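Taken in order, these protein sequences are the chains called A and B. The first sequence begins at 1108 in my numbering and counts up one residue at a time. The second sequence begins at 2 in my numbering and counts up one residue at a time.
Hints were generated in silico from the structure; no laboratory data involved. For clarity, every value in this text was computed on a predicted model and none was experimentally measured. A couple of the hints might just be wrong.
[To be verified] Below are the DSSO-like pairs computed for lysine-lysine, each with C-alpha atoms no more than 27 Å apart in a straight line: (1) A:1129 with A:1145; (2) B:19 with A:1121; (3) A:1129 with B:47; (4) B:61 with B:19; (5) B:14 with A:1121; (6) B:14 with B:45; (7) B:69 with B:47; (8) A:1121 with B:47; (9) A:1134 with B:47; (10) B:47 with B:14; (11) A:1134 with A:1121; (12) B:50 with A:1134; (13) B:45 with A:1121; (14) A:1121 with B:50; (15) A:1121 with A:1136; (16) A:1129 with B:14; (17) A:1136 with B:47; (18) B:50 with A:1136; (19) B:14 with A:1136; (20) A:1145 with B:47; (21) A:1145 with A:1121; (22) A:1145 with B:14; (23) B:19 with A:1129; (24) B:50 with B:14; (25) B:45 with A:1129; (26) A:1145 with B:45; (27) A:1145 with B:50; (28) B:69 with B:19; (29) B:69 with B:50; (30) B:50 with B:61; (31) B:19 with B:47; (32) A:1134 with B:14; (33) B:50 with A:1129; (34) B:45 with A:1136; (35) B:61 with A:1129; (36) A:1136 with B:61; (37) A:1134 with B:45.
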Amino acid sequence: MLHTGTAAPEFELKDHLGRTVKLSDFKGKRVVLWFYPKADTPG
Amino acid sequence: MLGISFDTQAENKAFADKFDYDFPLLCDTERTVGIAYQAAEHPKDKYAKRYTYVIGADGKIEQAIDTKDPAGQATELIKSF
């Protein structure tokens, strides 16, 4: 995985409501980016 | 807080509705962001790895967490944020 101190890659994606979300929308704020394998599955 | 997976908008919408998530669930159906963040190795990977990144206000990775205990660790992180 990416190491701490690395510049976080910019991205632009649609969210679950069809809104466009860019990492740069959160400039100056802390962001938690949580990758999960599959919507609504345990383990 | 941003969730991200390789699911479609409809799948993520159902997920968000079920758990009352009030943060965006991003649909990385092409795996481009997953690959950029090393949560996937190939565009055809079925699932993202359980990686959680905390990105600082300076745009740099502040914490990189390989989540082994999804129910515990991710929840703790979300609460602390």
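A quick look at each hint next to the structure:
1. For the proposed pair residue 1129 of chain A and residue 1145 of chain A, the alpha carbon gap of about 21 Å is at most 27 Å, so the pair holds.
2. A hinted pair counts as satisfied when its Cα atoms are at most 27 Å apart, and residue 19 of chain B with residue 1121 of chain A qualifies at roughly 19 Å.
3. Between residue 1129 of chain A and residue 47 of chain B, the direct Cα distance comes to roughly 23 Å. Compliance with the 27 Å bound is thereby established for this hinted pair.
4. In summary, the hint linking residue 61 of chain B to residue 19 of chain B is not supported, as the alpha carbons are separated by about 32 Å, beyond the 27 Å threshold.
5. Of the pairs offered as hints, the one joining residue 14 of chain B and residue 1121 of chain A holds, with about 12 Å between alpha carbons and a cut-off of 27 Å not exceeded.
6. Taken as a hint, the residue 14 of chain B and residue 45 of chain B pair is honoured in the structure, with Cα atoms around 22 Å apart against an allowance of 27 Å.
7. A C-alpha spacing of about 19 Å is found between residue 69 of chain B and residue 47 of chain B, which places the hinted pair at or below 27 Å, so the restraint holds.
8. A hinted pair counts as satisfied when its Cα atoms are at most 27 Å apart, and residue 1121 of chain A with residue 47 of chain B qualifies at roughly 19 Å.
9. Straight-line distance between C-alpha atoms of residue 1134 of chain A and residue 47 of chain B comes to about 30 Å, which puts the hinted pair past the 27 Å bound.
10. Restraint check for residue 47 of chain B and residue 14 of chain B: satisfied, since their Cα atoms lie roughly 19 Å apart, inside the 27 Å limit.
11. At roughly 18 Å between alpha-carbon atoms, residue 1134 of chain A and residue 1121 of chain A fall within 27 Å of each other, so this suggested pair holds.
12. Between residue 50 of chain B and residue 1134 of chain A, the direct Cα distance comes to roughly 25 Å. Compliance with the 27 Å bound is thereby established for this hinted pair.
13. Distance restraint check for residue 45 of chain B and residue 1121 of chain A: the Cα-Cα separation of roughly 19 Å lies within the 27 Å cut-off, and the hinted pair is therefore satisfied.
14. Taking the CA atoms of residue 1121 of chain A and residue 50 of chain B, the gap is about 20 Å. The hint holds against a cut of 27 Å.
15. Between the alpha carbons of residue 1121 of chain A and residue 1136 of chain A the distance comes to roughly 20 Å, so the proposed pair stays at or under 27 Å and holds.
16. Restraint check: the Cα-Cα separation between residue 1129 of chain A and residue 14 of chain B comes to about 18 Å, which is no more than 27 Å; the hinted pair holds.
17. Using a Cα cut-off of 27 Å, the hinted pair residue 1136 of chain A and residue 47 of chain B is violated, with the two alpha carbons roughly 31 Å apart.
18. Only pairs whose Cα atoms come within 27 Å are accepted, and residue 50 of chain B paired with residue 1136 of chain A is accepted, the gap being roughly 24 Å.
19. Note on residue 14 of chain B and residue 1136 of chain A: the hinted pairing holds, with a Cα-Cα distance of about 25 Å set against a maximum of 27 Å.
20. Between residue 1145 of chain A and residue 47 of chain B the CA atoms are separated by roughly 9 Å; this keeps the pair inside 27 Å, and the hint holds.
21. The hinted pair formed by residue 1145 of chain A and residue 1121 of chain A meets the criterion: a straight-line CA distance of about 16 Å does not exceed 27 Å.
22. The straight-line distance between the Cα atoms of residue 1145 of chain A and residue 14 of chain B is roughly 12 Å, inside the 27 Å bound, and the hint therefore holds.
23. Note on residue 19 of chain B and residue 1129 of chain A: the hinted pairing holds, with a Cα-Cα distance of about 25 Å set against a maximum of 27 Å.
24. Restraint check for residue 50 of chain B and residue 14 of chain B: the C-alpha separation of about 20 Å stays at or below 27 Å, so the hint holds.
25. At roughly 23 Å between alpha-carbon atoms, residue 45 of chain B and residue 1129 of chain A fall within 27 Å of each other, so this suggested pair holds.
26. A threshold of 27 Å between alpha carbons decides the hint, and for residue 1145 of chain A with residue 45 of chain B the separation of about 14 Å falls inside it, so the pair holds.
27. Restraint check for residue 1145 of chain A and residue 50 of chain B: the C-alpha separation of about 10 Å stays at or below 27 Å, so the hint holds.
28. This hinted pair checks out: residue 69 of chain B and residue 19 of chain B have alpha carbons roughly 23 Å apart, not beyond 27 Å.
29. Our distance criterion of 27 Å between C-alpha atoms is met by residue 69 of chain B and residue 50 of chain B, whose separation comes to about 10 Å.
30. The suggested pairing of residue 50 of chain B with residue 61 of chain B holds, with an alpha-carbon distance near 20 Å, which does not exceed 27 Å.
31. Between the alpha carbons of residue 19 of chain B and residue 47 of chain B the distance comes to roughly 22 Å, so the proposed pair stays at or under 27 Å and holds.
32. With a C-alpha separation of about 26 Å, the suggested pair residue 1134 of chain A and residue 14 of chain B falls inside the 27 Å cut-off, and the hint holds.
33. Of the pairs offered as hints, the one joining residue 50 of chain B and residue 1129 of chain A holds, with about 21 Å between alpha carbons and a cut-off of 27 Å not exceeded.
34. Among the hinted pairs, residue 45 of chain B with residue 1136 of chain A is inconsistent with the structure: their alpha-carbon atoms are about 32 Å apart, more than 27 Å.
35. Between residue 61 of chain B and residue 1129 of chain A, the direct Cα distance comes to roughly 15 Å. Compliance with the 27 Å bound is thereby established for this hinted pair.
36. The hinted pair formed by residue 1136 of chain A and residue 61 of chain B meets the criterion: a straight-line CA distance of about 11 Å does not exceed 27 Å.
37. Our distance criterion of 27 Å between C-alpha atoms is broken by residue 1134 of chain A and residue 45 of chain B, whose separation comes to about 31 Å.
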